[in-house]
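Number of protein chains: 2
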Amino acid sequence: MIALMEWKAQVERALESFMTRLDAPEQLRASMRYSLDAGGKRVRPALIYAVLDAYGVSRTKGDATAAALEMIHTYSLIHDDLPAMDDDDMRRGRKTNHIEFDEATAILAGDALLTNAFTCLLETDTSADIKVQLLERLAIAAGAAGMVGGQLDDMLGERGGIDDVEALESIHRRKTGALLVFAVEAGGILAGANEDDVVHLQRYGRHLGIAFQIQDDILDVTGDAEKIGKPVGSDEGNDKATYPKLLGLEGAKTALAAQVQAAEEAIDALSVEATTLKDLLDFVVKRDH
Amino acid sequence: MIALMEWKAQVERALESFMTRLDAPEQLRASMRYSLDAGGKRVRPALIYAVLDAYGVSRTKGDATAAALEMIHTYSLIHDDLPAMDDDDMRRGRKTNHIEFDEATAILAGDALLTNAFTCLLETDTSADIKVQLLERLAIAAGAAGMVGGQLDDMLGERGGIDDVEALESIHRRKTGALLVFAVEAGGILAGANEDDVVHLQRYGRHLGIAFQIQDDILDVTGDAEKIGKPVGSDEGNDKATYPKLLGLEGAKTALAAQVQAAEEAIDALSVEATTLKDLLDFVVKRDH
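Chains A and B are the protein sequences, given in the same order. Following this note's numbering, the numbering of the first sequence begins with 1 at its first residue and continues without gaps. Following this note's numbering, the numbering of the second sequence begins with 1 at its first residue and continues without gaps.
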């Protein structure tokens, strides 16, 4: 049985603890918490905990990194929803941050979540060497070469048009993939995995990330509007490049199967029995929202 | 003679080197560089180099921290200028970032400057322990307890009204003071200053920060519009709380003198002869823009 609910509860406790101790003006704290508390699947923290579970290392060791990662993911959603970006009023069935508060507060809450994610990460109970390693990898994954750069190219692509799978994958690899890879990598580093295993974990993370995106795109075509929280076919309307659009629905399903197989091979190559990582992969692919 | 031009050139070389090596989509890099290249006094880097000079330590040791600090300062200006915040079209005689590019790009350039400031800082040639110390202090100074929190309270204050010097100082201490204090602190840590000296340096940074702000406010009343780059008296028009408004012009000048004296006392308490720090203080107080 997948431990997803336990992992979700674990990171939510870690976030709660960090936010309670954070020195911040009340309105800023309220705005940060509003978006942190909006829930979601907490996939990135789950990846960290799944790796720790696989290596038999206490989940507590991953708390600070898991919370930091969720703070960075949350800031990116707040900024993406802004009027100048995707201009979304609703997310996960609630008002977006700038609608609930105001635009200026939302910008600053995002900035604070990003900045203080690093103070949160530094609370990890480990050596200075490992902290530096984690921090550097996280900042690279979240910055210009990773998430932020992917978001910019995605935005330009929506204006200009992306017409091959390679360009589409390059965007997803940076926009969402980089943080997912960081999550498994960080889990491996915190678990004291050997170098070969860290490479296999990265590979798993990369394939899982692409699989996640393909499944998202497939759900947009075949899913239940109520469950996915947006109208079915909304990608088609806005001219957004997706796997089904570039490959056809059957082609997208074949591509998904190939990513899943590659992720499974990476798991099999590990020096430990990582059933939790298989469970997580299953969850990503079989989910209906 | 104050080495200000040398320090400015030094951090600009460090920024140029970092930005050339940074992996980023072209439009993102262009937007980041546009604001980094806009110049300014580079006061924060100058503080780091002034401390290193005082301790006879090579300026090169401060390059990564100085560049990181300037990246964070620059991101904060980009986000502050946004339509939802101060809505400024011009800064330092050039178009602001969101006018030259667009709002979405400006938001993302700010996010990338903030995130990659941490990868830049990690290039410092020092131990992992010192890196962790610098990083933690920088993130705290720039985050919810420091710059971002001060900016939010400043914004709320402009709406609601700040009517005593204590409240005004609390905002400046966080919005601009925290990064100035970090600069001298970081200089001390990188120079290997003893603990007492680091405390004196922090004290110097605090008083210099307040002095800087009072002088800004005084220049808004008495300055030359051409030199300060905005209409004289523009603070008065927009109901912004300032030292001259709360204390009168003479009262503000007296408060400035007290801050300068306290900063000088902190310098005198140091174990080294820090004439560079006195020069920098002089520069801050005697500048006409």
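Treat each hint with caution, since some may be false.
Output of the computed footprint for chain B on chain A, the stretches with three or more beta carbons under 8 Å from beta carbons of chain B [what the hints assert, rightly or not]:
#, region
1, 17–28
2, 108–120
3, 139–150
These aren't lab readings, by the way, just hints derived from the structure by calculation. From a predicted model like this one, the values you see are computed outputs, not experimental measurements. No residue lacks a Cβ here, since even glycine has one placed at the ideal position from N, Cα and C.
A quick look at each hint next to the structure:
Three residues within the 8 Å Cβ limit are the bar, and the region 17–28 of chain A against chain B gives 6, so the coverage statement holds. Under the rule that three or more residues need a Cβ within less than 8 Å of chain B, the assignment of the region 108–120 of chain A holds, with 9 such residues. Counting residues of the region 139–150 of chain A whose CB lies closer than 8 Å to any CB of chain B gives 8, so the stated coverage by that chain holds, three being the minimum.
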